[in-house]
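In order, the protein sequence lines correspond to chains X and A.
Using the numbering used here, the letters of the first sequence map in sequence onto residues 1 to 126.
Using the numbering used here, the letters of the second sequence map in sequence onto residues 127 to 289.
Hints may be right or wrong, so weigh each one.
With the C-beta cut set under 8 Å, the calculated list includes, among others, these residues of chain A facing chain X [to be verified]:
| id | residue |
| --- | --- |
| 1 | A155 |
| 2 | M178 |
| 3 | I196 |
| 4 | V209 |
| 5 | V217 |
| 6 | L231 |
| 7 | L232 |
| 8 | A237 |
| 9 | M238 |
| 10 | M245 |
| 11 | R246 |
| 12 | I249 |
| 13 | V280 |
Rather than coming from a laboratory, the hints here were simulated on the basis of the structure.
Idealized CB from N, CA, C, for every residue including glycine.
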Amino acid sequence: MPAGTLYRGREGMWSWVAHRVTGVTIFFFLFVHVLDTALVRVSPEAYDDVVATYKTPLVGVMEYGLVAAVLFHALNGLRVIAVDFWSKGPRYQKQMLWSVVGVWLVLMLGAIYPVLGHAAREIWGS
Amino acid sequence: MSADTTATGSTAAISPVEGVNVFDVDHPAPLIEPPRKRTAKTPKSTRGNFEMAAWLFMRLSGVVLVVLVIGHLLIQLVLDGGVSKIGFAFVAGRWASPFWQAWDLLMLWLAMLHGANGMRTIINDYAERANTRLWLKGLLYTATVFTILLGTLVIFTFDPNIR
Chain X
1 MPAGTLYRGR EGMWSWVAHR VTGVTIFFFL FVHVLDTALV RVSPEAYDDV VATYKTPLVG
61 VMEYGLVAAV LFHALNGLRV IAVDFWSKGP RYQKQMLWSV VGVWLVLMLG AIYPVLGHAA
121 REIWGS
Chain A
127 MSADTTATGS TAAISPVEGV NVFDVDHPAP LIEPPRKRTA KTPKSTRGNF EMAAWLFMRL
187 SGVVLVVLVI GHLLIQLVLD GGVSKIGFAF VAGRWASPFW QAWDLLMLWL AMLHGANGMR
247 TIINDYAERA NTRLWLKGLL YTATVFTILL GTLVIFTFDP NIR
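Only chain A is shown next, with the shape it has when bound in the complex (with noise of 0.2 Å):
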């Protein structure tokens, strides 16, 4: 220990860079606040979690997309006859079954939805001017509706007997 080191006791340790002493039990040292800690001044967020919830979706979505997908182009595309047989008797003979019905509005939401929002991370990726963004997504979102909505539509409505 050198003969100059003039502080005693407890402060010893936060004392010497001044040399004065400025801190002790009667005046401590001001509390500063960890940053960004919630207080009752910090307005509430209103941004949710709606990314970490399509991130999750992505994710669910995909899993059962790869059955349904793939399960549909293996009846549409390989087997009896591959793309030859389709035709309207052929979507007729198939949606008469409350099953492929229920498989095909799964299947058109699902992968909708699933598109939509690749599209909307894309978007944000690569449109660089908020105005753009703002009309690409519009186009975007009016489109998926629609499709969704027909889709749905035309599965419900499905008149084998049209003719």
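Just chain X, same shape as in the assembly (with noise of 0.2 Å):
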């Protein structure tokens, strides 16, 4: 790791290193994803074989993964708005992260059923 990659800790820090890694990963998603439904334009087949994949448990998981970081990126992307344009914004930055700790914790509770539901029922049978 080069000399100055840590900086201060604490919960400025590890947000923007989550905004960045999960910004990553939804841009390598989109890449994808853009591509698999480009597939539409080659025959219905095509894309239905493709979408199968997305049907089957593991890749659910993965879904359940994206919801996570999409949800991240766009609580805290809030988050990095108001400190940038709310005259209060960076004294509350630490409350605030913490609030979207907990309204992210709160929407993957409740995303357990819809996202991971169809890969339950694929496992263990409806």
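Please assemble the complex out of the two chains, which come individually in their own frames, going by the hints.
What follows is the structure, encoded as structure tokens:
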């Protein structure tokens, strides 16, 4: 690890790290996603074949991870905007991060059944 | 006042250090230009406000993307059976409506540009050699333009009766 990569630690730095990691993750998925959607121009069968892999349990778990990345990036992005444009934003950046984590946890709990339900039914039957 | 203060009148405040009055009303001190002042000789700035525009774009597109992407995830992964209902027929049904075509087109462009600019920032941060940065950004811009054009073409030329 190059010198100076670790900056002060705590909420400010780690939210910044998580924002980068989730952002890069989403961007690489976006490439794949545009390519798989482009298969609708090839044939209905080609598209449905690839979408079938999205319905397997393993990829279902990865979809839950994608939802986790998107929700964190979205909520923390709103926090970054508040830090930049709200006059009291920098003073409350820690409280806002813990609010982001709280809302994120609630949404992730709520997403368990809708997003992972299909994978669970695939494994254990419906 | 001590007796050896020889200066008189208005120059008293600046002269005692050297003991000699170099400047007075008839011989004023030379005017020193403020540093970095723009003059006729200054070359025109070639940088513009690109980085500021990019910073602002990240925030504006981010707010719009929160709505577009979370709505997209709700439709595709949560509502109406989640991922199990997705297929060619489902895509055909949604893209029959200009509203969802416009939604997906805007989401594609904003997400790709937002993501590409984020990747540009990360490359600038971590790729230390100029050549590495050049090649990584060249690859990034090529992939970005390709993906945006491909996605746009697919949305506009989608044919539900391809069979």
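We went through each hint and held it up to the structure:
1. Checking A155/A against chain X by beta carbon gives a least distance of about 43 Å; that is not within 8 Å, so the hint is violated.
2. Proximity of M178/A to chain X is violated relative to the hint, the smallest CB-CB distance being about 12 Å (cut-off 8 Å).
3. The closest approach between the C-beta of I196/A and any C-beta of chain X is roughly 6 Å, which is under the 8 Å cut-off, so the hint is satisfied.
4. Given hint, V209/A at the interface with chain X, holds; its Cβ is 5 Å from that chain's nearest Cβ, closer than 8 Å.
5. At a threshold of 8 Å, the smallest CB-CB gap from V217/A to chain X is about 6 Å, leaving the interface hint in force.
6. With 8 Å as the threshold, the beta carbon of L231/A stays out of range of chain X, its nearest partner Cβ sitting at about 12 Å, so the hint is violated.
7. For the restraint placing L232/A at the interface with chain X, the shortest Cβ-Cβ distance is roughly 14 Å, beyond the 8 Å limit, so the hint is violated.
8. For the restraint placing A237/A at the interface with chain X, the shortest Cβ-Cβ distance is roughly 6 Å, inside the 8 Å limit, so the hint holds.
9. A hinted interface residue such as M238/A counts as satisfied when its beta carbon comes closer than 8 Å to some beta carbon of chain X; here the least separation is about 7 Å, so the hint holds.
10. Among the interface hints, the one on M245/A holds; its C-beta lies about 6 Å from the nearest C-beta in chain X, closer than the 8 Å criterion.
11. Hint on R246/A is violated. Least Cβ distance to chain X is approximately 11 Å, over the 8 Å limit.
12. A least Cβ separation of about 11 Å between I249/A and chain X goes past the 8 Å threshold, and the interface hint is therefore violated.
13. With a least beta-carbon distance of about 5 Å to chain X, the hint placing V280/A at the interface is held under the 8 Å criterion.
Consistency with the previously given hints fails for numbers 1, 2, 6, 7, 11, 12, ordered from lowest to highest.
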